[in-house]
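Going down the list, the sequences are from chains W and F.
Position 50 of the first sequence, counting from 1, maps to 50 under our numbering, and the rest follow consecutively.
Position 283 of the second sequence, counting from 1, maps to 283 under our numbering, and the rest follow consecutively.
It should be emphasised that the hints constitute simulated quantities derived from the structure, not laboratory data.
It is possible that part of the hints are untrue.
[Said to hold, decoys possible] With a straight-line Cα cutoff of 25 Å, these simulated SDA-like cross-link-like pairs (lysine to any residue) come out: (1) F:Lys288 - W:Glu406; (2) F:Lys85 - W:Ala287; (3) W:Lys237 - F:Lys400; (4) F:Lys237 - W:Asp54.
Just so you know, these numbers come straight off a predicted model, no measurement behind them.
There are 2 protein chains.
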Amino acid sequence: MAELAGNVLVGQSGGPTSVINASLAGIVAEALNHEIIEEIYGGLNGVLGILQEDLIDLAAESQQQIRALRHTPGAALGTCRYKLKKQQDFERVLEVFKAHNIRYFFYLGGNDSQDTADKISKLAQQQGYELRVIGVPKTIDNDLVVTDHCPGYGSVIKYLSTTIREIACDNEAMGQGDLVSIVEVMGRSAGWIAAGAALAKRRDHPHDPPHLILLPEVPFNQEKVIEDVKRILKREKYCLIVVAEGLVDADGNYLAADSATDAFGHAKLGGAGEALGEIIEHGIPGAKVRVARPGLIQRAAAHAASKTDSDEAFLAGQAAVRAAIAGETEHYTVETGLAPLSDIANGIKKLPREWINEDLVSMNFQFLRYAQPLIQGEVAVPYDAGVATYARLDKVRVDKSLPAYEV
Amino acid sequence: MAELAGNVLVGQSGGPTSVINASLAGIVAEALNHEIIEEIYGGLNGVLGILQEDLIDLAAESQQQIRALRHTPGAALGTCRYKLKKQQDFERVLEVFKAHNIRYFFYLGGNDSQDTADKISKLAQQQGYELRVIGVPKTIDNDLVVTDHCPGYGSVIKYLSTTIREIACDNEAMGQGDLVSIVEVMGRSAGWIAAGAALAKRRDHPHDPPHLILLPEVPFNQEKVIEDVKRILKREKYCLIVVAEGLVDADGNYLAADSATDAFGHAKLGGAGEALGEIIEHGIPGAKVRVARPGLIQRAAAHAASKTDSDEAFLAGQAAVRAAIAGETEHYTVETGLAPLSDIANGIKKLPREWINEDLVSMNFQFLRYAQPLIQGEVAVPYDAGVATYARLDKVRVDKSLPAYEV
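Let the sequences and hints guide you as you build the complete structure.
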């Protein structure tokens with residue numbers, strides 16, 4: 001394919017991860033190597049900033065900051081949950097691209113973002129504007145179809161595995177046959193993250209915590225869980241449960257949905273851990289329940305990120321640039337190479353049922369063999385005055401040349 | 001004072017910390033140096049195991065395991081919240097001590113445990129049984145009187161400072177003027193832990209997160225908090241709040257009222273973060289609230305422990321042994337040397353009011369100057385197959401020689 005000279009635009013979208021900035025660093029670092037790329041811009045807050053022509057000059061950032069992005073959590077460009085809907089929105093995006101001679105667009109995000117990238121790509125084609133769009137996958141949820149695994153996932157399960165092992169030390173010290181410790185982890189539609197906590201078990205120690213992993217893939221069965229907890233309390237003196245926030249009952253209702261109303265009479269959102277805790281307290285008189293909900297902590301815990309994951313995220317960014325320059329306008333994954341954007345958008349990759357043990361609350365060797373490689377290696381995060389330090393971009397603005405746009 | 005030959009008994013009590021095992025390692029390592037110490041025993045589950053003559057032989061543990069205790073969270077001997085009450089209990093403890101020729105008793109714990117140690121010491125004196133008792137302080141709460149600071153505290157605030165900085169990266173990426181992120185941290189009666197989150201701010205960046213620190217020392221004022229949050233949302237696009245679990249209103253009622261009490265009659269807590277989230281959602285229509293509750297994670301996060309804290313905990317154990325052998329039967333702290341056990345038991349060290357800024361939601365330079373040194377240095381925790389690894393004692397039991405005792 002013919003060489004295409006012009007500018008690069010990168011955007012980040014959806015929930016941040018520990019390594020989405022590593023992909024950004026990979027894109028910037030690689031783009032600098034290619035002379036046909038003139039400017040490297042970042043769009044602030046994903047498509048939201050692109051619509052408003054809020055662009056920054058990434059080439060103006062110091063090399064230290066770009067390097068520090070490799071271990072910085074969050075999304076340094078800002079992100080959004082805004083979904084382009086109107087045709088007018090898509091046309092505005094292209095108008096902005098044309099105004100700044102954007103010929104390469106890299107969009108880092110999950111399912112929705114891949115869908116957005118796909119639509120922009122198609123509109124550009126229709127209009128005969130030469131544009132190469134590559135979606136770079138990221139999601140802690142690991143549920144992007146086509147991908148074997150997704151940057152962001154390894155780090156969240158690495159952090160949680162160590163955390164579960166640490167809480168287990170604490171629980172083991174306190175347990176006197178009545179301690180039930182619940183850790184609610186992310187995962188609305190698939191149990192990938194909860195399953196990953198199984199890596200806290202030592203090899204050949206199936207009785208190691210977590211004792212129960214409650215997945216959205218397995219409908220919640222109150223009687224069974226109570227029986228499981230009782231049995232484990234007897235054997236281990238404490239019971240450590242990992243529950244996915246998206247746990248559902250046999251009718252598909254979230255466990256938390258029917259639990260309680262808040263002080264103002266609104267239905268309480270979230271809280272599968274709290275709801276489960278209440279159920280156990282009622283079902284097992286005398287049980288002492290402790291609920292931890294790391295919440296956003298788990299997807300931002302860059303100080304405990306997986307080096308494998310971080311490196312793959314960086315490589316994904318680099319490879320996306322190389323592929324785009326070579327003329328491939330598709331979706332890149334570390335293992336499977338490129339896949340059409342339209343294949344990946346809006347699908348959800350489920351945790352394979354055959355990786356769940358027959359007890360329905362633990363993972364088998366197939367899962368462990370899959371997940372183990374993803375958490376290998378530790379990222380060396382620099383500390384300053386005792387606290388981990390992260391990149392902060394200067395965000396030098398690119399001059400706007402278009403009239404304002406109402407979002 | 002005359003040399004006292006005999007055996008050592010160590011017990012751990014109360015809530016575990018990241019470094020209580022470092023103190024245990026210090027005691028064992030130091031005791032091995034002194035020939036007048038014959039056996040080194042551990043009591044399982046604090047006084048509970050001692051009452052039941054559940055002792056293990058710590059000298060039989062491998063040196064690797066004792067060394068690994070220096071970075072292992074939890075309480076390797078097990079702990080308890082059991083409080084000796086009956087005179088019969090105290091007499092049983094002495095009976096066990098006599099049966100095993102225990103002449104040195106080291107009790108690692110917080111306020112309640114220091115009280116227990118004090119009473120045992122006094123009873124031994126009354127009975128003319130030569131026994132040297134030293135309480136080794138530990139509490140993440142940092143509220144032991146007499147101590148300048150307490151092993152355990154530095155590690156919890158180091159972990160939280162990095163965590164707050166990480167969540168802030170995430171929040172900053174997502175914030176569009178409506179995101180309110182709440183992190184509920186431990187701290188029942190004093191705001192030491194919540195205050196420590198202030199270390200997440202960079203020097204000379206007072207607008208860095210956490211934007212609001214809500215302390216038990218400052219009665220909750222709903223109108224003021226709503227105003228504060230609105231102002232910060234306007235300025236920063238997101239608002240990161242750290243709230244102590246023990247937050248109270250002007251009447252002294254916990255924000256999340258809960259009638260349950262633990263074994264010591266302290267109110268059982270949980271839910272200040274959720275309660276605050278509801279108040280904010282109600283008071284600021286459109287606010288998107290995210291609540292994280294690290295719960296036990298924060299006090300077990302040994303992978304992010306403070307080297308200063310861990311080293312001090314180890315030194316406290318060593319020094320306790322040296323002091324006991326020299327004939328000092330008191331309470332040891334790293335900075336202040338020894339203090340009478342009866343002074344430290346049951347007191348609570350409050351966070352000085354003059355360290356809180358006039359805005360009532362941030363800490364001044366006096367606090368930062370105090371807390372900064374406590375989080376310096378990182379503990380190198382070994383990783384195996386991608387997960388942090390911790391010590392597990394073999395727990396070789398010491399033969400029982402007394403009749404069973406009903407607890």
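In rising order, the numbers of the hints this structure does not comply with: none
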